[in-house]
Amino acid sequence: MLQSNVELDHLACPICLNVIWSPVTCGSVGCYSSFCEVCITEWLKSSEQVGADEEEQKSHRGCPKCKRPFRHISIRLLKGLLESLVVKCLYHHNGCTERLPYSRLLEHMQECSFKRVRCSGCSQLFLRRHYQEHVGECQQVPVDCPKCTLRLVRS
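Going by this note's numbering, the sequence shown opens with residue 547, and the numbers climb by one from there.
These are computed hints drawn from the structure, not numbers from a lab. This structure is a prediction, so every number in the text was calculated from the model and none was measured. Among the hints, a few may not be true.
As the list claims (entries may be wrong) - FRET-style restraints, in silico, Cβ to Cβ:
| id | residue 1 | residue 2 | range |
| --- | --- | --- | --- |
| 1 | 640 | 610 | 40 to 48 Å |
| 2 | 699 | 561 | 39 to 47 Å |
| 3 | 564 | 663 | 16 to 24 Å |
| 4 | 622 | 561 | 20 to 28 Å |
| 5 | 667 | 622 | 43 to 51 Å |
| 6 | 680 | 588 | 41 to 49 Å |
| 7 | 644 | 618 | 30 to 38 Å |
| 8 | 563 | 691 | 27 to 35 Å |
Claimed, not checked - Computed list of lysine-lysine pairs in DSSO-like fashion (alpha-carbon distance at most 30 Å, straight line):
| id | residue 1 | residue 2 |
| --- | --- | --- |
| 9 | 634 | 661 |
| 10 | 625 | 661 |
| 11 | 611 | 591 |
| 12 | 611 | 625 |
| 13 | 625 | 613 |
| 14 | 591 | 625 |
| 15 | 661 | 591 |
| 16 | 661 | 693 |
All C-beta atoms in this analysis are idealised placements derived from N, C-alpha and C, irrespective of residue type, glycine included.
Given only the sequences and the hints, what does the whole structure look like? Please build it.
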């Protein structure tokens, strides 16, 4: 049986520097650089708006690595390799200790209690796990009056 340690740097998106999520590869001859689908879509969209004239815009469009027009291709081997990974939650720097299969990462991140969320009243950031407690006490979050249904500011 073949054993190998995969160098995760080879699986990092050159745009966001995280492990590639939903990989898309540049099919230009000799390139084959892979990116997160969201990252490359945003890159290509923003690069279309760069430049004063059409010629300058054309020079900015394309793959961030090879600079040629980006041809979307999918590489099943890359997708399979990514599916075999066990990864840390992207909120590990906030204290999350979860390690989970790549395929479950997105679902976990949407529910992770270590994700930072912004208070709609005071605009401060809190970990999701502390958010409800804060909102219950925040003086700037309006509350609905149970008797008249008006929105009121706490006092």
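Hint-by-hint comparison with the structure:
1. 640 - 610: 40 to 48 Å: Since residue 640 and residue 610 have Cβ atoms about 29 Å apart, the given range 40 to 48 Å is violated.
2. 699 - 561: 39 to 47 Å: Holds, at about 42 Å.
3. 564 - 663: 16 to 24 Å: Once the Cβ atoms are compared, 20 Å apart, the range 16 to 24 Å for residue 663 and residue 564 holds.
4. 622 - 561: 20 to 28 Å: The hint (20 to 28 Å, Cβ to Cβ) holds, given that residue 622 and residue 561 are roughly 22 Å apart.
5. 667 - 622: 43 to 51 Å: The hint (43 to 51 Å, Cβ to Cβ) holds, given that residue 667 and residue 622 are roughly 48 Å apart.
6. 680 - 588: 41 to 49 Å: violated (31 Å)
7. 644 - 618: 30 to 38 Å: holds (31 Å)
8. 563 - 691: 27 to 35 Å: violated (48 Å)
9. 634 - 661: holds (13 Å)
10. 625 - 661: Measuring from Cα to Cα gives roughly 26 Å; hence the hint holds.
11. 611 - 591: holds (16 Å)
12. 611 - 625: Answer holds: residue 611 to residue 625 is near 20 Å, not above 30 Å.
13. 625 - 613: Given that 30 Å is the threshold and the Cα spacing comes to 24 Å, the pair holds.
14. 591 - 625: holds (24 Å)
15. 661 - 591: Holds, at roughly 27 Å.
16. 661 - 693: Between residue 661 and residue 693 the Cα gap is close to 35 Å, so the pair fails against 30 Å, i.e. violated.
In this structure, the hints that do not hold are numbers 1, 6, 8, 16, in rising order.
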